[in-house]
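Visitor: Here's the letter readout for the chains.
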Amino acid sequence: MKKTVLFGALTVAGLVAGAASAATLDDVKARGKLNCGVTTGLAGFAAPDANGVWEGFDVAVCRAVAAAVFGDPTAVEFVPTTGETRFTALASGEIDMLARNTTWTFSRDTDLGFDFVGVNYYDGQGFMVPKSLGVSSAKDLDGATVCIQTGTTTELNLADFFRANNISYQPVPIQTNAEAQQQYLAGACDVYTTDASGLAATRATFEAPGDHVLLPEIISKEPLGPLVRHGDNDWGDIVRWTFNALVTAEELGVTSANVAELAAAPTNNPEVNRLLGTEGELGAMIGLDATWAVAAISASGNYGEIFEKNIGENTPIGLARGLNALWTDGGLIYSPPFR
Amino acid sequence: MTTLTDTPKASFRLSMLIYDTRYRSLTIQVTTLGMVCLGIFWLGYNASVNLAKLGLQPNFSFLSSRAGYDISQSLIEYDSSFTHGRAALVGIVNTLLVAVLGCVAATLIGVVAGVLRLSKNWVVSRLMAVYVEGFRNVPLLLWIILIYAVMTESTPQPRDFREGGAASMLLDGSVAITNRGVYIPKPVFESGSMAVIAVLVLSFIGALLYRRYARKMLFTQGRLLPMVWPALAILIVPTLVAFFALGGPISLNYPELGGFNFAGGIQISNPLMALWVALSLYTGAFIAEIVRAGIMAISKGQTEAAYSLGLRPGRTMNLVILPQAMRVIIPPLISQFLNLTKNSSLAIAVGYPDVRATLGGITLNQTGRALECMLLIGLFYLAISLAISLVMNFYNNRMQMKER
Amino acid sequence: MSDKNVSFVRTKMLPQSEPPIGQRGVVKWIRENLFSSWLNAILTLVSIWLVWFVVSHLTPWFANSVWAAESLSQCREIRDATIGNGVPSACFAVITDRWQQLLFGFYPNTEYWRPVLALVLFVVGILPALFTAIPRKFLIGTAVTPFVLFWLLWGGSVWTTAAGALGFVIGYYAFKLLTDRAGLIVGVGGAVGISFAYWLFAAGPLGDALHSILPIGIQYVESKNFGGFTLSVVIGVSGIILSLPLGILLALGRKSDMFIVNKLSTGFIEVIRGVPLIVWLFTASLILNYFLPPGTNFDLMLRVIIMVTLFSAAYIAEVVRGGLAALPKGQYEAADSLGLDYWKSMRLIILPQALKISIPGIVNTFIGLFKDTTLVVFIGLFDPIGLTNAIRASTNWNGIYWELYVFIGLMFFVFCYSMGRYSLYLEKKLQREHR
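Residue numbers (the working numbering), protein chains in the order written: chain A, 1 to 339; chain B, 1 to 404; chain C, 1 to 435.
There's no promise every hint is true.
With a cut-off of at most 20 Å between alpha-carbon atoms, the simulated EDC-like pairs for lysine to aspartate or glutamate come out as follows [what the hints assert, rightly or not]:
(1) C:224 <-> A:49
(2) B:342 <-> C:270
(3) B:53 <-> A:109
(4) A:221 <-> A:281
(5) C:224 <-> A:27
(6) A:29 <-> C:299
(7) B:53 <-> A:27
(8) C:344 <-> B:20
(9) C:428 <-> B:133
(10) B:53 <-> A:115
(11) A:33 <-> C:222
(12) B:53 <-> A:111
(13) B:120 <-> C:32
(14) B:186 <-> B:256
(15) B:53 <-> A:234
(16) B:53 <-> A:232
(17) A:33 <-> C:299
Keep in mind that the hints were calculated from the coordinates and are not lab data.
Isolated chain A, as found in the complex (with noise of 0.2 Å):
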């Protein structure tokens, strides 16, 4: 028992629990242990099951990049942030990234100081209304009570879209899904509106979901991606390539119950071949092991097995790909090229 975090209580010494210096992949290393920023609770994206075992779509990326350093998926502390804590939580050092679907936005990438090191999610706000109101448009909702769920862009998105369209709303601001979601279903509010993966994953709950409609109009933007502190590009880097090693193994049908196969020998196609590290030296310029990407691909499979598995269409959940199909499917998951 070498640090006892808490025992710091009596020592000064002792309280210090890990500095955030200049170089965050030293941290990580030193600690044994990458500590990662997810939700107190979004279902599909993260939540701890009954063992108290983390599991999500927002996780399998912690559990990528920790394999990617450490060669164990396993070597990941979730830090459950809430919707004010996180930024803070992030840019104290007390988490070395952030998968917690955050919206891509300039100030957040620029004025708070963070580097968003791409895109896992692409969303956008959306309105869910129950089917008896007759409602087809987020247009006609002249009037109408809104359930919101706050911390996030969505108040802000909501504000200028009715603004826009010069209609009436009164916002019903709500702290936690459960609540909203509470809230919607005893008619306390005539829409509810957040990102339109939230929705379908709330309705999918309903007793009758047949019952409730998403309206089609989608208001806003939200690009959802992990991010880090800015200024340690290196450790950026390592968060960014690790999930574009995600796609591209989609891309090129590297899975996780083919990868261990694929690495064992150079196969024909080099970019596999360079991916996997059994040619070229990638893993070495980002200064992790050759394996790394091997790793982090067996962790939790591919980017579309993680979204398979988490959020997709077999799942309660039920979230088509949609927007984030890959770019060969007609969706925007584009990985830039490994060489």
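Guided by the hints, dock chains B and C onto chain A, whose structure is given.
Guide: Frame of chain A, contents of chains B and C only:
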């Protein structure tokens, strides 16, 4: 003064700062002050270094930039094109509103529950005990969440008020209780309404004067004048006369169902209702205990003495017990008011737009200015509580002087 | 009839007749207690209606509850199959599935005995402080308890905790030694300095060295694994234990004649009490890190415990101040007339009595603090309410609502009610002793 001449200054040695009781307290104080200043300086230095490293200089200019979000309830003019500072002000007004409403309701509930808990009626006193213990021993946050959910589940939706719907409006179509809030008629003031209001204010003063006169008669001449009915008459009759004489310058704007919601009237939104009810019931339970303790603190001899003088039970309570109990009740009562005001920051759980939700919630979230927002919120609550403390000290001093 | 002069004389007593039906038994009790006046009758009827209203709405929900299922949808299927479509029915299966999490958070399954044992030890440990009938020498056990609890909860090497605890022993002896030689101020300053120096430089290596010689330890549990009621109790208990010394000092400071000390204490108490706990918690999670030396990073739970300690210290200070004020002036004068200096008179005469009067208030402060620990949900810690969000975020239980809150409310009620009873008992006992 004699000690000064006894110990000439020449004999002062440094060790006296520690061993001599005359100087020791000075040493302790200076040391303490020095350490506190050093500590504050250390914290401030750290903060400036850390913030500089992150490139975040404390800056309040965000208060004057466009807020961009709407607030569900504002007593002052506001929409998304106003500034963050204005949004904070809306939050402050909302906090004060729920605090004042809550304090009034909590006092009423608390006094009634406290008295009823002492009642001889077994059912009633048991029920009150269950209420008091239930609310005192479960976290307020849980109560707020539960009451909010119960209120939305148990009241009808606005669409139930349509023709053939399950719900209907109360009081001849003037009040509608929905799960989005309670809609009540809104008074519309036309020309001449100021006169009616002036009459109302005057008659209020008149009623107070009558009350004073009645008390004086009671204490000086022992004559008991009727209190309730004349006071009510003074209060109501002139106002009514003025109202009708001026041709009814104040009319009511009734809420009407239109589109998705009721339009017109005043809406008391559901989050406000839930927060109000939860805060009043929770604090009411504490106040009930205070009232009960206050009444029980008055020795039984007082009641018996009053009875033996031939006072009826009601009058005994009013003239003998309560005035004495008040002295015990009021200080903890005011500190409960303070608690209620601070607890109103839990509005976050029901989405009521108080100052924590606007300045410390959405504004903080959008601008990322955690340090500045928290500082402002802290100062606001501190100002309120210091104001209430002042009132309490003033009252305590006044009460103490009367004590014999 | 015939003999008019014979007056009637009863020769034996009539048996006592029963009181009329309205004046005896249940009827009399009901009349006197429930319907003694119009107002009373109305109150009774309203109360009975209220109780009936609540009970009649809740009973079917409870009676039809499902206790064994793996997800909410399964719960609904079971209900539809056995009871009927859309009948109100609670799904307490979520409790049977997740009760361990609600109680222990993410504490390792095999180590659940540790928090339980810690709770038992805590109760046993504070008994000597609470019940005066227990011999005073057991108080040494009370002093050791916090360290044992710390070790039990977080685990790790026993030597690390022991080495930390040794600092207090060293400080104590340094204090005694220095006070005898050079007076109180030097004693306090020296003891604090020596202890800190020891903790900074010697405690860590000493613990490691001892551990390498004789490794005794239990599994180390990180504080992020604490959750549910364990988290609430740990925050509440450590907050109250740590805040007691600070609170007493603040109370003495506020009663002190020394101008600066008095104003500083008063200012601290008023500032802390004037701002809601939730704002302090946000401060702990959002900005406390900015005030620490660059590069330092506290564990969030530790930051919360620090904030909660400062917060409850201000409340404890007010309670203790009340206790100090309630002591008759004669006690202070008697202590002075014995020639005791300030600290001796406080330690030997004033504080033992004042603290005894304050115990009910301290217990009430603790109840309040324990309830307030639910606010940590807003900064992302998994207290019971925070866990409800996490549980609902799993696809199995998404959509469940009331059952979790009912369970949590009940648990809190049991904890707080029993403590409230204890404080009431103390208050009664103190009243008796004072007469």
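Visitor: Indicate, hint by hint, whether the structure satisfies it.
Guide: Taking the hints in turn, this is what the structure says about them:
For a cut-off of 20 Å, the pair hint linking residue 224 (chain C) to residue 49 (chain A) stands: about 15 Å separates their Cα positions. For the hint linking residue 342 (chain B) to residue 270 (chain C), the alpha-carbon distance of about 13 Å falls within 20 Å, and the restraint holds. Taking the CA atoms of residue 53 (chain B) and residue 109 (chain A), the gap is about 17 Å. The hint holds against a cut of 20 Å. With a C-alpha separation of about 37 Å, the suggested pairing of residue 221 (chain A) with residue 281 (chain A) is violated against the 20 Å cut-off.
With a CA separation close to 19 Å, the supplied pair residue 224 (chain C) and residue 27 (chain A) stays within the 20 Å bound. Between residue 29 (chain A) and residue 299 (chain C) the CA atoms are separated by roughly 19 Å; this keeps the pair inside 20 Å, and the hint holds. Taking the CA atoms of residue 53 (chain B) and residue 27 (chain A), the gap is about 18 Å. The hint holds against a cut of 20 Å. Between residue 344 (chain C) and residue 20 (chain B), the direct Cα distance comes to roughly 17 Å. Compliance with the 20 Å bound is thereby established for this hinted pair.
Of the pairs offered as hints, the one joining residue 428 (chain C) and residue 133 (chain B) holds, with about 18 Å between alpha carbons and a cut-off of 20 Å not exceeded. Only pairs whose Cα atoms come within 20 Å are accepted, and residue 53 (chain B) paired with residue 115 (chain A) is accepted, the gap being roughly 16 Å. For the hint linking residue 33 (chain A) to residue 222 (chain C), the alpha-carbon distance of about 13 Å falls within 20 Å, and the restraint holds. Straight-line distance between C-alpha atoms of residue 53 (chain B) and residue 111 (chain A) comes to about 14 Å, which keeps the hinted pair within the 20 Å bound.
Restraint check: the Cα-Cα separation between residue 120 (chain B) and residue 32 (chain C) comes to about 8 Å, which is no more than 20 Å; the hinted pair holds. Using a Cα cut-off of 20 Å, the hinted pair residue 186 (chain B) and residue 256 (chain B) holds, with the two alpha carbons roughly 12 Å apart. As the CA atoms of residue 53 (chain B) and residue 234 (chain A) are separated by approximately 19 Å, the hinted pair is consistent with the 20 Å bound. Simply put, residue 53 (chain B) and residue 232 (chain A) have alpha-carbon atoms about 13 Å apart, close enough for the 20 Å limit, and the pair holds.
With a C-alpha separation of about 15 Å, the suggested pairing of residue 33 (chain A) with residue 299 (chain C) holds against the 20 Å cut-off.
Going down the numbered hints, you'll see the structure goes against just number 4.
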